[in-house]
Amino acid sequence: MEKLLEIQGARSMLRFIWNSWWRNKERFLLLIVGALIVSIGLSYLVGITQANKATVVDELQKRWKSSYHIVVRPPDARSVTEEKKLLEPNYLSGIAGGISLEQYEQVKAISDIDIAAPIAMMGYIQNSTQLGQIDITEPGVYRMNIKEATDNGVDTVVDNGSIYFTVGTWEGPSDSSAYGVTRFDGKLHYGTDILLAGVDPDAEAKLVGIDEAIVKGSNSKYLSKKDNIETIEVMEDIEDTKIPVILSNQEFVDGTMTYTIEKVDIPFAENPDSTMEMVKENGGKSYLDEQPKTQVDQYKFTTSETHKKIIEQISNGGDIGGSQWMRFKPSPVEYREVSSPYGERWPFSYEVEPYTVPSDSTLAIDYAYRQITSFGEDSSSWPRLQLDFKGIFDPRQLNISKDPLTELPMETYFPSKANWVLDKDENPINPPQQMKPLNNPYGFLTKPPLILTNIEAAAKIIGDKPISAIRVKVKDVEELTEESEQTLQDVAKKIEEKTGLITDITLGSSPQPALTHIPGLEEKENLGWVEQPWIKLGSSMTIFKESKIGMSGVIASVIAVAIVYVFSTNIIMMYARKKEFAVLLSIGWRPNQLTKLLFIEATMIGVFVSIISWLILGSIYVTNEFETSVWRLILIGIFGLSIYVLGTLIPGFLVRKISPYETIKTGEISNLKRHLFKTKSIFSMGLKNLLIMWKRSILSVIAIALPTSLLIFFLFVTFQLKGTMFTTWLGEFVAMEVGPMHYVAMGVAIAIAILTTAEIIWQNVAERQTELAALKAFGWHNRTIRTLVLIEGGLSGLLAGLIGLGIAFGIIFGMYGKFPTDELLFLLGTILIPIVTGIVGAILPARKAVIIQPYQGLTGGFTNSKRTEKSFRYVFGTVGICLFLGIVTLLMQAIPDTKESNVTRPENIQSIEGTSGEVQETIEVDGKSNKSEKKMDKGTEEEGENIIDNKIENAWRVLNIGDTLEEKFKTFTYKLVTENPENIKPKQANAEFITISAELIDRHESGSTVYQPQKGDIYLLDGNGIKYNRIDYEIVVAENWSKIHLNPPAKVKTLLTFEVPENVKQLVMIENSKLTAGDIVVKIK
Amino acid sequence: MVHTMGCTGVSKIFQGDGISTYALEDINVKFDEGEFVAIVGPSGSGKSTLLSLIGTLDLPSSGEIMYGNEPINNRRPKQLADFRFENIGFIFQQFHLLPTLTTLENVMAPLFSRKVSYNKKERAESLLKDVGLEDKLHSLPSQLSGGQQQRVAIARALVHEPSWLLADEPTGNLDTHTGEIIFEKLSSLNKEKGCGVIFVTHDPDLAARANRIVEMKNGKITRDSRGEVHA
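Residue numbers (our numbering), protein chains in the order written: chain B, 1 to 1085; chain C, 1086 to 1316.
Some hints here could point you the wrong way.
What the hints assert, rightly or not - Beta-carbon label-pair distances, calculated as ranges:
hint	chain 1	residue 1	chain 2	residue 2	range
1	B	Ser681	C	Ile1098	29 to 37 Å
2	B	Ala10	C	Gln1164	18 to 26 Å
3	C	Tyr1203	B	Arg15	17 to 25 Å
4	B	His781	C	Gly1257	31 to 39 Å
5	C	Glu1171	B	Trp780	43 to 51 Å
Keep in mind that the hints were calculated from the coordinates and are not lab data. A quick note: this is a predicted structure, and the numbers were derived from the prediction, not measured. Here a beta-carbon is modelled for each residue, glycine too, at the ideal position from N, C-alpha and C.
Put together the whole structure using the sequences plus the hints.
Dropping the structure here:
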């Protein structure tokens, strides 16, 4: 019976609560909106931590995982690019030894090191084979034209040459160059220059699993310790070294070799000797060049069929080796920092510093993109090798990151991606074209080693210090954590101390797109700009740390704000229902029944919130295929419930303090014990109101202060991150994923704060209705009353802002151990946000206060009039629903976005410290880069006096007014217009108008650029350095131009009017738009 | 069980802004069971305060509220609530119905989570029938007129058959005619059920119809007269 009654009691309690909610729909709506916002906060919380932790860390650990943690290099291996913590792709290929075998042993001996894999970049050899045999029997002098056409991805690079040879009985001297002919056995070879590297077979197998990547076949084996290195004496003083090698089955050069055989139309068969003497007398080769010829045969071979044949030969156990010289050593490209043409897109830009071949060199070229280092001036000092092919390996089977989109170009087995993105005039290439390596060792694309031998062979051939780098993998370092970073630093330090070599931690590196400017060489044109994924050292570690901090902040803020919101709503609800509770008490309810009522209500909403959160999460998981864990779901449930139950603790306690006497009492007489100050102005009156209701004022202040402080802190973290966040692909990824979500969270928090403030001030106003009505009865204006309420909101906001700043600075100091002096001004400026929040929160209550009629004060009491109450609830409900829908959409969009964020990049990339420097055009044969020399001269030019000269010197193009500038895709025309607009008058005395007609024709087929001549892209500058902005403009032509964006093909003509003093001596117009690589300076006076 | 109620030496002081105001000063009064009492006096004379003290809605600053021979003002809030439930029914000038509850639910509200020997719903329905609202059982207060609301309030006050009905200007918010109906109801309750009624009023005519008039001024009882029982 007892139980039955209890159940009945509980049921009737639930029905009581439900009725009281359902029959007050406006309030119920508000309750639901609040609950929904909290639900979103919760599911967001889980969604984001899920997305953040799982994806960021996964990205770092899986996709961009390098096979080694630390790279050890010779002390002189640092490149200029490393000042910015950047390594060029395949940087290992450019190091020609420098580490001895002893140093390697020392590294290996260090404890904690799991794998130490040395790599010795030895040099370039010809990987070639015979593909054909000339079949000519008719005696005669023949010319063989050798034409190699290599596709570098942008165009075809053609290398032409020819030799003459004879068929028949003539036998010239061994060096028959005087006769213009060469001895030729008729064998046609082709192949590519590839880099030979020595590795430790065991370590390499352990590091990248190369033993598992050997192509299956009876003649294909991995390198073994037992492989012999033989020295074979070919002749006196000439030795071949026979080394075991394995060859990559990938060929990256795309070339075609064409052999064209032509017969020289001179008599030969009858009397070869006299003919050849005649040729010799007439100048040999030059004579032969002039003679008419008839084509008799042609052979074409491609690199891919050559490579295929080599592979076949090796697989069949055939000997293709023969002996060959290794002439060139690996060398790095020398880079120079330059200013990026699009610093926002590519903060880092470099220019290849071409190498000038010494004039006494026997090389046939004057310039190359990298230093040409050969083993010696002539073949006597070049190592002679015989390759003993042991097997074929497939680099695609290696255990390294190979995702083509996001490949971290630290591994040694593939050429790095390179896209031609801008031509020499800095016009975008659409679509970007992928570059391919050339068939020579000194192109600017660094090649991977495609043929491997063992480290002993490398030592035998190279000598003392054969090893280029040691890739180190440390024990027990699997994840990207602060501990693992510490371990790596310790190991790196040990290596440096023991060996004197330099180390870099590569774990946590990220690809970083960087631009490389390729200047022209000799007759070759300046190519423009190539984008390559460089390696940014250590960036992911920073991002990992920072985003962890950012995340905890966001989580904390969402929870804290939700609790404050629930708490203050409950308190406000309690105040609003005070009379109702008093009635219940007076008719005999026990005080603890009221407490129970509040807790049951809270539990119901808490359960509702949990269910909604689960639903939201469920839909996110279904649509985005996220994974979740059971404990997370449980956690959400607990959070939803506990936020509401915790939020009810204080109201549940306060409700017991309600006296049933409230039912009889009319009007509230609550006064400050003493007046702190005199009430003189509206301002002090607002402040007094706040102080009188100080308990609830504190609530609204806290509600605003919490999200504010976290917002400020988050902004600071963003500042901290900007150096790393927006400069790497990973950073962009994180920024895309986390950035908007963070701000959504802060937005939700602030929205909740507005809601809270509004509710609190609303209640204040409701309770002061009598007072406000009285003020009106005294003749106060609506405006004054509105201001009074708004001041209350603003003051709460100001107070909250000050507290928020204090908390934020506290957190910043706690986490970073410093005071944000650099960003102080900006952060102080954010105090506007809470003030605005407070004022916005006060808008509706102010409206309510205004519509109070004077007579309402006379009846006493403070029941809200039905009409105002209703309108308030409706407005609030609508605002809340809009907010809710907005957030849901944002959430739904933000999450799928993260999946594509590698492809789509943020539009607004923060400015970061990029590279700067001037680029060169074509390197002339006389070795002068005239432009760079000029720069040297005027580096320290004084400012001010020669501002215009300075501008002209640094200009991209300089014109006279009236000239037309014709570029490949664009035409700029600037003319003086004599007629000035009639409707304007000079503001200054002795001033004149100058109107310039600026015309632009862009002949590109696509693209979009910001172009705003009317908004400061074009201005005038006088000799004193005074800048004049246009005072008036007129658009004459606007084809495919939105006043902001230019979408070529386009034509724009604007008339820009400037006001300039009459006595100005020197005057130029500057166009500094995004269309050009630099300023166009147009001389006017 | 019907008991006398009374105050011995009761004072009520309101503290505000450093000044203490006496709302009631040394009140000694005793109401006998089944009495029909009017408390009259000008605004601020302390009549509502006295009513709330007798009804244990508020506690005196000094003195004792007596129920029978026992002081009750030192009881705990829970016990006071139980006391009100058992013995007192309240009727307010502003009716104070719970706006989210129907007529029937409002009447049943005091019985909420209380164990009683009778059927709550039947009791409430019969009371509403008594006040002539049997056709408004499921209406919300906002759908009722002022007089109807006050009749609901009366039914609510009577639901647990209290020995005392305390009414704070029960007709103050009603027009004369409706007020008359309400007053008649109170009067007949007093006569038929023997339930003591104490009501505060401004209206000398209504007061004159009570069988005892307590006049107050400045927190003191200035006159306590037993008039003739109005027929």
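A quick look at each hint next to the structure:
1. B/Ser681 / C/Ile1098: 29 to 37 Å: Holds, at about 35 Å.
2. B/Ala10 / C/Gln1164: 18 to 26 Å: 24 Å, holds
3. C/Tyr1203 / B/Arg15: 17 to 25 Å: 20 Å, holds
4. B/His781 / C/Gly1257: 31 to 39 Å: 34 Å, holds
5. C/Glu1171 / B/Trp780: 43 to 51 Å: For tryptophan 780 of chain B against glutamate 1171 of chain C, whose Cβ atoms are near 50 Å apart, the range 43 to 51 Å holds.
No hint from the list above goes unmet by this structure.
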